[in-house]
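Asks: We have chain A; now place chains B and C onto it with these hints.
Chains as they are written, first to last, in the numbering used here: chain A, 1 to 190; chain B, 1001 to 1463; chain C, 2001 to 2564.
Please keep in mind that the hints were generated in silico from the structure rather than gathered at the bench.
Just so you know, these numbers come straight off a predicted model, no measurement behind them.
Wrong hints could be hidden among the right ones.
[To be verified] Far from chain A by the CB rule (all over 12 Å, computed), these chain C residues:
1) 2023
2) 2026
3) 2193
4) 2203
5) 2207
6) 2321
7) 2340
8) 2515
[Claimed, not checked] A short, non-exhaustive set of chain A residues, derived as facing chain B with CB atoms under 8 Å:
9) 46
10) 54
11) 57
12) 70
13) 95
14) 164
[Stated by the list, open to error] Stretch by stretch, here's where chain A covers chain B in the computed footprint (C-beta under 8 Å, at least three residues):
15) 1160-1171
16) 1239-1249
Beta carbons: idealized from backbone N, C-alpha and C, even for Gly.
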Amino acid sequence: MSNPRAVDPATQLVEPEHAFPVSEAHGALVTFPTGFEAKCDELITHYPVSKRSASLPLLHLWQETFGHISPQGIEWIAAKLDLQPINILELVTFYPMFRQHPIGRIQIKVCRTLSCALAGSYKLCDHFRERCGTATSDAHGIASSPEGKYAVEFVECIASCGTAPVIMINDDFHEAVTLQRADELLGKYD
Amino acid sequence: MPVQERRLILANIDRDGYTPDIDCYLRNGGYADLKKALTLDGPAIVAEVKTSQLRGRGGAGFSCGMKWGFIDPKKNTKPVYLICNADESEPGTFKDRQIIYKDPHQLLEGMIIACYANNVHLAYIYIRGEFVLGAQILEKAIAEAKTEGFLGKAINGTGYDLEIYVHRGAGAYICGEETGLIESLEGKRAYPRIKPPYFPAVLGLYMCPTIVNNVETLCNIKHIVRMGGAEFAKIGKPNNTGTRLLCVSGDVEKPGYFEFEVGALTMGELINDVCGGIKGGRKLKAIIPGGSSAKVLRAGERYKIKSKKPDGTMEEKEIGLLDITLDFDTLAAAGSMAGSGGIIVMDETRDMVECLANINTFYAHESCGQCTPCREGSLWMKKVTDRLVAGEGLPGDPKLLKTVADNIAGRTICAFGEACAWPVQSFVAKFPEEFAKHAEGKVATAARKGTVAQEPSKAMEAA
Amino acid sequence: MKNPFNHDHPPADTPLVNVQIDGVWTQMPKGLNAVEAARRVGKFIPHYCYHPKLAIVGNCRMCLIETGGPKMDASRAPVLDASGKPEINWVPRPAIGCATNLTEGMAIRTDSPLVQECRRGVMEFLLINHPLDCPICDQAGECKLQEYSVQYGNDHSRFVEEKVKKPKRVDIGERIVLDDERCIMCSRCIRFAKDTVHDDVLGFTERGSHTTLAVHPGQRFDNNYSLNTVDICPVGALTSKDFRFQMRVWFLKETKGICTNCATGCNTIIGSRESTLYRMTPRENEAVNSEWMCDQGRLGFHYIHDPKRLTQPIARHGPETTPLAWSEIIPQVAERLRQFVPEQIGIVASGRLTNEEAFLVAEIRRVLGGDSVLTDYVPRFGRADGILRSADLNPNTHGVTLMGLSNGGASLADLRRSIDAGQIRALVVLHEDLTAEAGWDGATLQKLDLLVTLGLLQNPTTDRADFILPGASFAEKRGSMINGAGRLQRLNRAIPSPGQAWDDWQILLRLKEALGGGNGLHTIEEVFKAMAAQVPAFAGLTLSRIGDLGIELEAAMPKETATE
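Next comes chain A alone, as it looks inside the complex (with noise of 0.2 Å):
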C-alpha cells in the first residue's frame, strides 16, 4: 500500500516481518575468526536468568574482533540474543566506547575531566591531534588520522586522576603524561 488513503476495508494489512534481514542490505557476510561463535555461546552461559544480559559482553567481542560494530553485527547479536535489532542499537549509541564506524588502529583516549584538565590535558589532547595528523572529530568526538592510523578522542574521567593527566593507548592506561612522554609513546605504539 503505497497510498494510506487506499485501504480497502475489507484487505488485511500485512503483518510485520521481523526475521533476520540476512545482510542483503549490508553486503556480504563477514567471516567469523574461529571460536568467535563458540566464544558468543561461553559468554551467554554467564547470563542463566537472561541471555539478553549478554548484549554488552557481545557487543564488546564483536568490537574486539572486527574493530566496530557494524550494522550487521547489530543485526547479528539481535539474532542470537532473540532481541529486536532495535534494542541493540539502543546499547550501541548509548554507550560511548562502542563505535559504529572504523576509527584508526592506534585508538588514544585522553581524559577531558577536571583533574586531567587542571593537568593540561586539553593541551594534551590537542598535541596528540597534531602529532597524529587526525582531523576534525566525528559526531562522537572520536579524530582519526587519514590514514586510519590514529583515533584520538577525548573523553570523560577514566578514573585515575591521581596521576593526571591520564590517557589510554588501545586497552593500557599511562599516567601523568607530559607531552614529552606523549612523543615517547607515539613512537613505542607505531
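Replies: Relative to chain A, chains B and C alone:
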C-alpha cells in the same frame, strides 16, 4: 607528627613483592576470613555487619547492614543477587581500581562472604569498560579461586554454591547508579529505575531482591568478619566507622590515594601534611571533597559544626575549611559530602567558572536523558558556562544557572539530578564575584570552552 | 481487549484506604496511583509519560506532587487535629504522582506552591529544545505541550542558546511521520509498541539531550495498531500521514461512533467538518476496545467520499438510466416487486446492515412472502489477531442473524443456482457487490428480470441494477449493531449523506409501506421500539437506553471475540 595512615584495605597494595595472584594472597593469609565466615550462619554475619556500622563507600554513605537487612530471608522466596559496583567513574575517584588491579582476591573474598551471608548463588562484578586489564585480572582471580575451591560448587567443602561473573560496562557514568547498573546488566540502556517501586532490595536484577555494593565496601566485609563487628566499629568514629580510602587530585604537590581511619584527620592535615601542600607553594582556593558532584568548599569559609561531647551534650564549633575532619557527618554538616572520597583541590590561579564549565561538560555528556530536568537542564547549564568562559556572558547568567540547577535537584528519577545541580549551585553561590565578572561578558579566560587554564602570570610568580 | 496495564481500573475487590487530597479526606482503592486518585475527585495532575494502559516509567516529571503521611506521636499513634483527622507530615521532596500508590493515611497536594514551581520548571525544560513550530504542527490544538504551557508554564523563554538539532520528517512507517525535534522522549509509543501490540521496533538512540526516537534502519513501524501512537503521543512528534495537513483539529466536530470494519465494533470519535469525515480515533470503552483501534479500521472510511459514491436514485430501462426522486422510485420498485411470486424473489442481505435496517428488510421479506423468499447474507472472514481484529469482517453478523436474514452464507449458492435456472427472477441486494464479494459473475445477474440494489458505491452489481437506491454510510446514519461479543452498540450521524443519498431505514421503511401499507413508524426510535417488541433479545430496550458505551445483550448469542 602527621597522622599515620591506617592501611586495612590497602594493607598489601603497593607493598614490595605483593602480586595479584592467589598464591601471594594465600601466603598472606588470604581466604582465612572466608573459611571463618563459612563456619557462621548467614544471619550472624549480617548481624556483625550491622554492628560494624559500616557505611557504603560508593558515594551515598548508606548503612551496609541496613541495606542487607532489607532482604528478609523469611519473606523472600525469589533468588537473591549481589552485584559488586566496580563502575568507578565519579570524577576525582580512583580507589577501586587500586584494589581491582593490585589485590583482586581481597575483593573476591569480601564478595564471597557477602554472598554467603545473604544466601546469594549468582553474583556479578560490574566493572567499568575502560578497566580492560582490570576485568582480565578479576577473571583470572575468579578462575584461581575456583581452582582452590573458594568459588563454584560446594565452596570449601560446604554445601554452599556461588558463581561470580565479571560484566564489563561500556563507558557510561550513569551505570554507577545502582538501578541504572541493574538495567545495564539486564542488557538495556542504563536508565535508572523509579523508586518506588524498584528498590533493588525488592525488585532488583531480573525483578529479584538484589544487593549492590561498592568495591571498597565489599572489601571491608572481609575485615569485619575477621575482627568482628564490634571491634571494627572501634575504628574511626561512631556512625563513621572503619577506614576510608581518600583520593586526592588537582593542585597539590603529592596527589594520590591514602587510607585513614574515618575522621582521623582534617582536610588541612590531608592537604598539607599528607599531600605536601598546594602545588608550587600557591594558595588554596577551593576543594571538592567527595567526587565532582559534591558541593565545592571555598578557602576561608567558616562552618558551624555540631558535635556530641563525651558527656553526651551537644556543642557547636565554628571551623574553617582546613579544620573539617574527613568523615561522613562533618562533611555533611559543612554543606557538602564525603561522597566517593575523591578530593579535588584547586589553587588560587584557577578560574572557578572554567572549573564549573569543565564539570558541566561532564554531566551534560553523561546524563542518560531519561527524565526531563536532567536531560534538558544539564546541557543547558553546560551551554551557559561555556558561554561565560568564552566571554559571551550575560548579566542574568549566574541567577539563571542557579534557578536551572534548583529546578533539577530533587526532581529527577535518580541522584544524577543532584550530582549535576550541586556543583552549579555551590560554585555560583560561593564564587559570586567570578561569575559576575564573566557575566559582564568581558572575561574570556580559556582558549577553548571547557579548558581549565592556569593564569600564566600568577603561576609564574608562584614558581 | 486485554491491556498489559490498567492503572485506572483496579480490581473491584481492592480494599479502600483513607486518603487526603488537597485537604479533603476521602476513600480510594488501595494502591491506586495519585494521578488517577486525583482524577476521581475532579483534580487534574498534568502528565506526559503516564498513560493508564502503559507501564509506568516516570520520566517526564510533570506529575510531581507533594506527599505526606500521618504524623505519629511517641507511641506510634497518629496525631489528630482539632477535627479529629490525622495531622500530616509532609515529605519535603516532591514525588511523581504516577508512581505514588495510595496507602492508608496518605495525603497529597496537587496544586501547592512547590508543585506549581515543579511544573513550571519541567515545562521550561521541555520547551527549551522544542522547535515551537505550532503554526505548522498538526498537533496544534490538541497538544499537551501547548495546553500545559498555558496552564502551568512561564510566559517567556529564558533560553538563548542553540537548540539541539534532530531528524525531521522521518518516514518511520507506512502511516506515520516522526519529527524528532518535537519529541519529548516520554516513551509512550515505545511502550505501546512493545507491551501492547508486541512489535518492538521503536527505541531511543543516542543519549542525554540528544536522545532520539528511532526505528531500526531497514525496519518499519507498520503494525496494524501503529496509529494509536499518534493518539497517545502528547506532542506533534508522531503524526498520521493520512490526516496531517488535512484539517486543523479545532474545526473538527466530534461524533461518537463505532467502527464497522469488523465484528469487534471499536468505539470511535468521528472527526468531521461540514460534510467531510477527516479522521476516526478510538473512544475509550473498556468492554470493547479500551483506548485503541486498528489502523485498518481507523483508515477504512475513505470509501464514503469515493468518487464512485452513489448520490442519486436511478432507474434503468435497457441502456437508459433515469434519475428519479425518492417519491417516484420507491413506488416503482414496489410495483415491480409485486409482479413476482415469493418463490421468484431472492434477497441478499448484509452483515453491514444495522439492526433496524435488518428488521425492516425482514419486514419487507414477510410482506413479499416470508420464508418462501430465499434470503441469505454474505459472510466475510479475515484473520483474528488476538488484539482487536475479529475474524468476522461484518460488523453486524449477529443482527442480521437475529432478524432471520442469514443462513450463514450457505444459501447463497442456492440463490445463484436458482437464478441461473430461471426460478428466481427478482433479486434485492443490500450493501453488497455480488461480483466482487460473493464471486458471482455478471451472467447470473443478467438472467434476472429485476435487480434492486441498495448501497453506497457504484460497482458491477449496481451497473446491472434496474433500480439503484443510494444509501447512507455508517457516519451518516443512526441505528444499532451487535458486535461479535454480543454487545449492542449505537451508530450516530456525524455528517449528512451526499446528494440524494438517504438513510437506509427510511428507504426500507418507505419500500415496506409501498409494498404492504403503513404501520405508524416515523422515526428510528419507533423502528427500534417495533423491533424490540418482536425480537426477544431487545426486550425492554430503546435506542437511547443503549447509551454511548453499548450494553451486553443478555440473550444467548454465539460469542465470538478477537482472540478466538
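Asks: Does each hint fit the structure? Answer for all of them.
Replies: Against the structure, the hints:
Even its closest Cβ contact with chain A, about 44 Å, leaves residue 2023 of chain C beyond 12 Å, as expected for a residue assigned away from the interface. Interface exclusion of residue 2026 of chain C from chain A stands, the closest Cβ pair being 42 Å apart, more than 12 Å. Here residue 2193 of chain C does not stay apart from chain A, with its beta-carbon only about 10 Å from theirs, under the 12 Å limit. With a least CB separation of 4 Å from chain A, residue 2203 of chain C falls inside the 12 Å interface cut-off, contrary to its annotation.
Some Cβ of chain A comes within 12 Å of the Cβ of residue 2207 of chain C; the nearest lies about 5 Å off, and the non-interface call is violated. Every CB of chain A is more than 12 Å from the CB of residue 2321 of chain C (nearest about 27 Å), matching its label as outside the interface. For residue 2340 of chain C, the requirement that its beta carbon stay farther than 12 Å from each beta carbon of chain A is met, with the minimum near 31 Å. Every Cβ of chain A is farther than 12 Å from the Cβ of residue 2515 of chain C; the closest lies at roughly 31 Å, confirming the non-interface assignment.
Interface restraint check for residue 46 of chain A: the shortest CB-CB distance to chain B comes to about 4 Å, inside 8 Å, so the restraint holds. The beta carbon of residue 54 of chain A comes within 7 Å of a beta carbon in chain B, closer than 8 Å, and the hint placing it at the interface holds. Below 8 Å, beta-carbon pairs count as interface contacts, and residue 57 of chain A has one with chain B at about 7 Å; its hint therefore holds. Using the Cβ-Cβ criterion of 8 Å, the hint placing residue 70 of chain A at the interface with chain B is not satisfied: the shortest such distance is roughly 17 Å.
The restraint placing residue 95 of chain A at the interface with chain B holds, with a minimum CB-CB distance near 3 Å, inside the 8 Å limit. The closest approach between the C-beta of residue 164 of chain A and any C-beta of chain B is roughly 6 Å, which is under the 8 Å cut-off, so the hint is satisfied. Three residues within the 8 Å Cβ limit are the bar, and the segment 1160-1171 of chain B against chain A gives 6, so the coverage statement holds. Counting residues of the segment 1239-1249 of chain B whose CB lies closer than 8 Å to any CB of chain A gives 3, which reaches the minimum of 3, so the coverage claim holds.
Violated hints, in rising order: 3, 4, 5 and 12; the structure is consistent with all others.
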